[in-house]
Amino acid sequence: MENIRNFCIIAHIDHGKSTLADRLLQLTNTLTDREFQEQVLDSMDLEREKGITIKSHAIQMEYTYQGKPYKLNLIDTPGHVDFSYEVSRAIASCEGALLVVDATQGIQAQTISNLYLALNHDLEIIPVINKIDMDAAMVDEVKDQIVDLIGCKPEEILAVSAKTGQGVEEVLDAIVTRIKPPAGDPNAPLQALIFDSVFNSFRGIIAYFKVFNGTIRKGDKVKFFNTGMEYEADEVGILRLKMIPRDSISAGDVGYIISGIKDSSEVKVGDTITHVNKPCEKAIAGFEDVKPMLFAGLYPVDADEYEDLRASLEKLKLNDASITFEPESSLALGFGFRCGFLGLLHMEIVQERLYREFNMDVITTVPNVPYLVHTTKGEVIEVHNPSGLPAPTMIDYIEEPVIAAQIITKSEYLGAVIKLCIDKRGVLKNQVFLTSDRVELSFRLPLSEIVFDFYDKLKSISRGYASFDYVVDGYQEARLVKLDILLNGEGVDALSSLIHNDNAYEFGRRMCEKLKELIPRQQFDIAIQAAIGSKIIARETVKAVRKDVTAKCYGGDITRKRKLLEKQKKGKKRMRQIGTVEVPQQAFLAVLKMD
121 MENIRNFCII AHIDHGKSTL ADRLLQLTNT LTDREFQEQV LDSMDLEREK
171 GITIKSHAIQ MEYTYQGKPY KLNLIDTPGH VDFSYEVSRA IASCEGALLV
221 VDATQGIQAQ TISNLYLALN HDLEIIPVIN KIDMDAAMVD EVKDQIVDLI
271 GCKPEEILAV SAKTGQGVEE VLDAIVTRIK PPAGDPNAPL QALIFDSVFN
321 SFRGIIAYFK VFNGTIRKGD KVKFFNTGME YEADEVGILR LKMIPRDSIS
371 AGDVGYIISG IKDSSEVKVG DTITHVNKPC EKAIAGFEDV KPMLFAGLYP
421 VDADEYEDLR ASLEKLKLND ASITFEPESS LALGFGFRCG FLGLLHMEIV
471 QERLYREFNM DVITTVPNVP YLVHTTKGEV IEVHNPSGLP APTMIDYIEE
521 PVIAAQIITK SEYLGAVIKL CIDKRGVLKN QVFLTSDRVE LSFRLPLSEI
571 VFDFYDKLKS ISRGYASFDY VVDGYQEARL VKLDILLNGE GVDALSSLIH
621 NDNAYEFGRR MCEKLKELIP RQQFDIAIQA AIGSKIIARE TVKAVRKDVT
671 AKCYGGDITR KRKLLEKQKK GKKRMRQIGT VEVPQQAFLA VLKMD
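Heads up: take any position in the sequence shown, counting from 1, add 120, and you land on the working numbering.
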């Protein structure tokens, strides 16, 4: 165990974590040149297309320092705020962390929040300044920022260029010398923490774990602490780029177990593995249950695929434990699931992964945040869906979730950022100048206002320099109304939303205009209306496609034409009574992207 080091890389999005991991893997000869590709740990197609890390990836390296061989277990983590749960799980499996800061951008909001996660677990922090080869690098300024943030000595900060490989050797030496070896007893009863799992269609569910105490061997009878299920360890091993079988894995090390589990509900991330005949006394404190930030309905395009969608979601949950889902039904869309996500990007990624990995095409409804409804009877109901709202006469008042937001930006964009937050019903709590041209703002904002386009707008007004991080900070009373969208007088419950009274008219009008563009023309007029209760607040009409029935009448009496037009009018009226309006999938998505 003296020769094992477990560490993760934490940073803000796009500060060069995956590139630094590439250099570490090359320097330790973990990969051959044939296996190597840029951002080698970002193995998902989606990660490579978007240029972001979505999943934490564990990999073992071997490094010789002063003649002694060391085993280094690296977990590369995502940087986006929507995947912070992945980061918290990686941190729980490590003894140290590389804190990577971009020399051209300095410390960003997500850097700070990930750092606090690491400090809460008593991790040894090794600060690293990356991208020092760039012309815009401000190495000395960023060094001062890091010293202010974590109180280390300036000489403890490593300056590297992950792209060129400059200074990466010192990072490996610092990992060996500064990070403590894992504590634990290889001869004690087995205690291993599951920090991730994947579904393999040939081998069942593969669980990734870190051994805190004891030793796990191939063929051992093991049980999972929380579910109480017992299995035989068919194969255990370590994680390189591929899985490499080993006879045993001892305390302090990271590995995988295959035991032919088929049912995804039996494996829970954060569970403890122990032996059947000599179990440990208590489970390892796992991770807190994640709190979803927004809810949306996922419905199969074809109603017969409901059970397939359930199976796909269960398999996806193995690999992304931050999704929650429960069954629900909708008048317009049939049976589906109400899913909880950590943010809009997370929702987009889940939808994309369902399509790519499980071939599931789904319709997504308008996302909502959870509201607390206080009824006149004194009850409190949590509502995730506008259709679950009690009758207006039953509602005393509604509370909405609020967040404490932390925004770091350049001082030249200060006015625009404050205006954006105040337009979103935010309250400025604090303003601190970190340096002469960097300012940190603390806002209290309603969660529902930042769900849609807040992050995009913040990035565009600050030219990408503002960084944003938030934590949920309780509930506050709000004047909310339920906005319904009616097509030909019939409500489409998938498009209804709870919205603040002041924004309802504007939002309703824009929604009607957008739907008018997207709903294809029929043989009859389609009335698109936005309504609050029984009051219509906006209306657009999709005009009917009409055949020119009077084309064959030329000359003669006007009554001949009128007779044909009246006949057509009757037909249109009858058609409207029995015709139904198909709402295309783009219409549901367009609501999210309204500017």
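Calculated directly from the structure, the hints in this document are not laboratory data.
Treat each hint with caution, since some may be false.
To be verified - Pairs of lysine-lysine, DSS-like flavour, derived with a Cα cap of 30 Å:
hint, residue 1, residue 2
1, K283, K273
2, K300, K398
3, K175, K692
4, K273, K188
5, K175, K579
6, K362, K388
7, K530, K497
8, K497, K539
9, K693, K672
10, K549, K539
11, K636, K544
12, K655, K687
13, K579, K283
14, K636, K692
15, K692, K497
16, K577, K435
17, K382, K300
18, K175, K398
19, K667, K636
20, K435, K343
21, K655, K544
22, K577, K672
23, K634, K672
24, K681, K655
25, K530, K283
26, K577, K667
Claimed, not checked - With beta-carbon atoms standing in for the labels, derived distance ranges:
hint, residue 1, residue 2, range
27, G454, L638, 18 to 28 Å
28, G498, K341, 34 to 44 Å
29, R630, P365, 31 to 41 Å
30, E446, V665, 55 to 65 Å
31, Y595, D255, 20 to 30 Å
32, K530, D354, 27 to 37 Å
33, D255, D422, 33 to 43 Å
34, N550, Y595, 13 to 23 Å
35, D557, E427, 54 to 64 Å
36, Y595, N149, 52 to 62 Å
37, K341, D516, 24 to 34 Å
38, R323, S531, 51 to 61 Å
39, V665, T224, 33 to 43 Å
From the three backbone atoms N, C-alpha and C, an ideal C-beta is built for every residue, glycine too.
Whether the CB-CB distance between R323 and S531 falls inside 51 to 61 Å: holds, 55 Å
Agreement of K681 and K655 with the hint, judged by alpha carbon distance not exceeding 30 Å: violated, 39 Å
Proposed proximity, K672 with K634 (alpha carbon, max 30 Å): Roughly 37 Å between the alpha carbons, so the hint for K634 and K672 is violated.
Supplied distance hint 55 to 65 Å, evaluated on CB atoms of E446 and V665: violated, 41 Å
Pairwise hint evaluation, K539 against K549, where the allowed Cα distance is 30 Å at most: Distance of about 14 Å is within 30 Å: holds.
Pair hint outcome, K693 versus K672 [Cα-Cα no greater than 30 Å]: OK: K693 and K672 at ~23 Å, within 30 Å.
Straight-line alpha-carbon gap K577 to K672, limit 30 Å: violated, 56 Å
Given hint K398 paired with K175 - CA-CA distance at most 30 Å: violated, 34 Å
Hint check for K341 and G498 - Cβ pair distance inside 34 to 44 Å: For K341 against G498, whose Cβ atoms are near 53 Å apart, the range 34 to 44 Å is violated.
30 Å Cα cutoff - pair K497, K539: violated, 40 Å
C-beta pair D255, D422: status relative to the range 33 to 43 Å that was hinted: Taking Cβ atoms as reference, D255 and D422 lie about 54 Å apart, which means the hint is violated.
Holds or violated: K655 to K544, with C-alpha atoms at most 30 Å apart: holds, 25 Å
Going down the numbered hints, you'll see the structure goes against 3, 7, 8, 12, 15, 16, 17, 18, 22, 23, 24, 26, 28, 29, 30, 31, 32, 33, 37, 39, while the others check out.
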